[in-house]
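Working from the sequences, and respecting the hints, build out all of it.
Number of protein chains: 2
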Amino acid sequence: MSYSVKREQLLRVAEDLFYQYGFRGVGLKQIIQEANVATMTLYNHFNSKDNLVEEVLRQRESRYWTYLDSYVESDADSPFILAVEAHGKWLKKESYQGDMFLRAIEDYSGEDNEIEAIARGHKAKLLQYFKKLAQAKGKDHDHDLAHQLTLLLEGTTSMTTLIGAEQATEHSIAMARILVRQAS
Amino acid sequence: MSYSVKREQLLRVAEDLFYQYGFRGVGLKQIIQEANVATMTLYNHFNSKDNLVEEVLRQRESRYWTYLDSYVESDADSPFILAVEAHGKWLKKESYQGDMFLRAIEDYSGEDNEIEAIARGHKAKLLQYFKKLAQAKGKDHDHDLAHQLTLLLEGTTSMTTLIGAEQATEHSIAMARILVRQAS
DNA sequence: TAGAATAGAATGACCGTTCTATCTAATATA
DNA sequence: TATATTAGATAGAACGGTCATTCTATTCTA
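So the protein sequences, as listed, match chains X and P.
Per this note's numbering, the first sequence runs over residues 1 to 184.
Per this note's numbering, the second sequence runs over residues 1 to 184.
Watch out, some of these pointers could steer you wrong.
A pair counts as met if it fits within one copy or between any two copies, since identical chains are not told apart.
[Said to hold, decoys possible] Here are the simulated BS3-like cross-link-like pairs (lysine-lysine), alpha carbons at most 27 Å apart as the crow flies:
1) K29 / K49
2) K125 / K137
3) K139 / K89
4) K123 / K92
5) K125 / K6
6) K29 / K89
7) K49 / K6
8) K131 / K92
9) K89 / K123
10) K123 / K93
11) K137 / K93
12) K49 / K139
13) K6 / K131
14) K29 / K139
For the record, the hints were derived by calculation from the structure and aren't laboratory data.
Below you can see the structure in the form of structure tokens.
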């Protein structure tokens, strides 16, 4: 049986706790208890804590893209604004302090591990996403626009920690509109 | 003797290690060894690891503002651009992966502790800094402009992790110019 | 000679991981 | 239908290591 309820519970609880307290700030004991699962059940589904972190990141990334894709219609007038809006709604739903992927890059940097690779991969994909969108829309300086919008999303996530997702998103949408117009 | 060489060494080494590996990712043993100091010397100067973290943050904040102030002349044509440039140079000098203050907020969130208060205080001050600047320059929507520029700085720091400080700063300066012009 | 700084051991808590032994429930066999 | 087999899940102890913190006893230095 490939699907497992316990595995899902573990991933859900682990993602919540890792996001709130950090990867190093949460012990497996806590995860096991809150997921109502035995120690060996965790190790039956995941090789190690690192492997659990990996799977959590993969799951979160998958959910992020599903969410973005459901909002952005790439044939719309300005898919860029839709993407910024979608990111804002994601923040409101699932983020209140920083970004799990940047945190993973920081926490596991320099050890040549899978975790950092997954996190960096996600960020690279985000940049690539905007690059393709800008090219498809025939924007001048499409390369620059993509970088600018990515920077905007990252800034919005950071600002969420300080002023909340709603306010942060209002500002980023306003800025995105100006930038997209500028790029003619 | 208020000044102490050992204390300075500890703060410098701790800041480097905390920034690179995270507060929870660095043990006191490592700090002690790299600072060439005995265990009790650390506890002679700092009450606890948390207290060491606090002092590291205070020192870093102080250095940040010194750096910014040395670049920004508030009577210049556009002190905003100077501030963004200064932040970029700070990143190039002292940051290559994320922001130590945001990381502190994340790592020590929800425990009602001094560390989070210091980190949040720094961020509040940054926002306040731009608000005053925008007011002094008689900008329309000065409140919005301050938020936008703060978001820009936060975004630049995050992007530094992904594309390096130079590139990230080029983009944020370009964006800042547009925003400041818009705010007439 | 007094005050710091030293090295290093001791402490108790927690960490990730493994092990053992028991239990349950579904599946395959007769 | 009744029985045997198998796979998962369970609780909890045990392991070796590291953590922050404290203690002790010695050495340096002003």
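- [ ] Have a look at K49 and K139 and pick one of within, between, both or neither, based on CA distance no larger than 27 Å.
- [x] Cα proximity of K49 and K139: none, with 44 Å in one copy and 51 Å across.
TODO: Please work out whether the CA atoms of K139 and K89 approach to 27 Å or closer within one copy, between two copies, in both situations, or in neither?
DONE: within (26 Å within a copy, 30 Å between copies)
Task: Within, between, both or neither: K125, K137 at alpha-carbon 27 Å - done: For K125 and K137, only the intra-copy Cα distance (18 Å) is at most 27 Å; the inter-copy one is 40 Å.
TODO: Indicate which option fits the pair K29, K89 if close means a Cα-Cα distance not exceeding 27 Å: within, between, both or neither.
DONE: Neither: 32 Å inside a copy, 43 Å across copies.
TODO: If the cutoff is 27 Å on CA atoms, where do K29 and K49 land: within, between, both or neither? Let me know, please.
DONE: Intra 11 Å, inter 24 Å, cutoff 27 Å: intra and inter.
TODO: Up to 27 Å between alpha-carbons, please classify K6 paired with K131: within, between, both or neither.
DONE: Close neither inside one copy (39 Å) nor across copies (50 Å); limit 27 Å.
Task: Copy assignment of K29 with K139, given that the CA separation must stay at most 27 Å - done: Close neither inside one copy (51 Å) nor across copies (54 Å); limit 27 Å.
Task: Up to 27 Å CA-CA - K123 versus K89, copy category - done: Close inside one copy (18 Å) and across copies (23 Å); limit 27 Å.
- [ ] Classify it for me, K49 with K6: is the Cα-Cα distance of at most 27 Å met within a copy, between copies, both or neither?
- [x] within (16 Å within a copy, 37 Å between copies)
- [ ] Could you place K137 and K93 in one of the four classes (within, between, both, neither) given a Cα distance threshold of 27 Å?
- [x] neither (29 Å within a copy, 37 Å between copies)
Task: Homomeric proximity label, K131 with K92: Cα distance no greater than 27 Å - done: both (25 Å within a copy, 25 Å between copies)
Open item on the list: For K123 and K93, with the copy left unspecified, which applies at a CA distance of at most 27 Å: within, between, both, or neither?
Closed with: Classified as both; 20 Å inside a copy, 23 Å across copies.
Going down the numbered hints, you'll see the structure goes against 5, 6, 11, 12, 13 and 14, while the others check out.
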